[in-house]
Amino acid sequence: MKNRLPELRADHGESQADLAAAVEVTRQTINAVERERYDPSLELALDLADYYGTTVEDIFQRES
Amino acid sequence: MTTTATDPGTYRTTYTALWAIGAIAFAGLIVAGLPFVGALAFFFAAAAAIGISTQSKTVMFDERDEAVFGDAGRWTIAIVGIASGVVFPTMTALRALGRVEWPLWFTHLAYFVAGLFAVWLAMVLLARYQR
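Here the protein sequences come in this chain order: B and V.
Numbering of the first sequence is given in the numbering used here, commencing with residue 8 and proceeding in unit increments.
Numbering of the second sequence is given in the numbering used here, commencing with residue 356 and proceeding in unit increments.
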């Protein structure tokens, strides 16, 4: 699944470790999501959307 | 990139290493003729690992780890299932034809595989009940 996580994270000047700590997952999970190797659970997707004050659809898009 | 003692990665590595060291010490000391010491070593390593997991204020394992463990478990059951579905009937047929001996360890292995799938079936039923 494509996502805007690297872009959002860069805009906020955060490291993967910072974001991981904020949403209570490991840095490896954030890295895997950003590299599109792991699709997060609905709960994590909602946590990420809440953290950046946006919607899940704004962060994640289906592969066309 | 440097790591510190409080890095989540350090906790994960230490936790995993302690379980591995405990298991290796257990097996090694049994082989060395010291089973009681082996069991003690395993208990100490396990207690240390559990202590780290309870003391850690960082996330050591998360949903991705659960997904990885789930995939690994599924693949293991599939491999053991396919292998036993081929090996045990073949060995039984060859034994019935008098072509192979059926060693005692093979009987133990067959019981272990049967027990493993009994546990798996029970877990399937439990998982279905919970959903």
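These are computed hints drawn from the structure, not numbers from a lab.
Check each hint, because a few of them may be wrong.
[As the list claims (entries may be wrong)] Computed far set for chain V versus chain B, every beta-carbon distance over 10 Å:
| # | residue |
| --- | --- |
| 1 | THR409 |
| 2 | MET415 |
| 3 | ALA422 |
| 4 | VAL442 |
[Claimed, not checked] Here are the computed distance ranges between Cβ atoms for each label pair:
| # | chain 1 | residue 1 | chain 2 | residue 2 | range |
| --- | --- | --- | --- | --- | --- |
| 5 | V | LEU481 | B | HIS19 | 56 to 66 Å |
| 6 | V | ILE407 | B | ALA29 | 18 to 28 Å |
| 7 | V | VAL441 | B | HIS19 | 27 to 37 Å |
| 8 | V | ALA372 | B | GLU43 | 50 to 60 Å |
Note that CB positions come from ideal geometry on N, CA and C, so glycine has one too.
Hint check results:
1. With a closest Cβ-Cβ approach of about 17 Å to chain B, THR409 of chain V is found to remain outside the 10 Å limit, as its non-interface label requires.
2. Some Cβ of chain B comes within 10 Å of the Cβ of MET415 of chain V; the nearest lies about 8 Å off, and the non-interface call is violated.
3. Distance check for ALA422 of chain V against chain B: the nearest CB is about 7 Å away, which does not clear 10 Å, and the non-interface claim fails.
4. The claim that VAL442 of chain V lies off the interface holds: its Cβ sits roughly 34 Å from the closest Cβ of chain B, which is beyond the 10 Å cut-off.
5. Distance hint for LEU481 of chain V and HIS19 of chain B: a CB-CB separation of about 42 Å, inconsistent with the stated range 56 to 66 Å.
6. In this structure the hint that ILE407 of chain V and ALA29 of chain B lie 18 to 28 Å apart at CB holds, the actual value being about 23 Å.
7. The beta-carbon spacing between VAL441 of chain V and HIS19 of chain B, approximately 54 Å, falls outside the hinted interval of 27 to 37 Å.
8. Checked against the given bound of 50 to 60 Å, the beta carbons of ALA372 of chain V and GLU43 of chain B, roughly 30 Å apart, lie outside it.
The structure fails hints 2, 3, 5, 7 and 8 (numbered hints given earlier, in ascending order).
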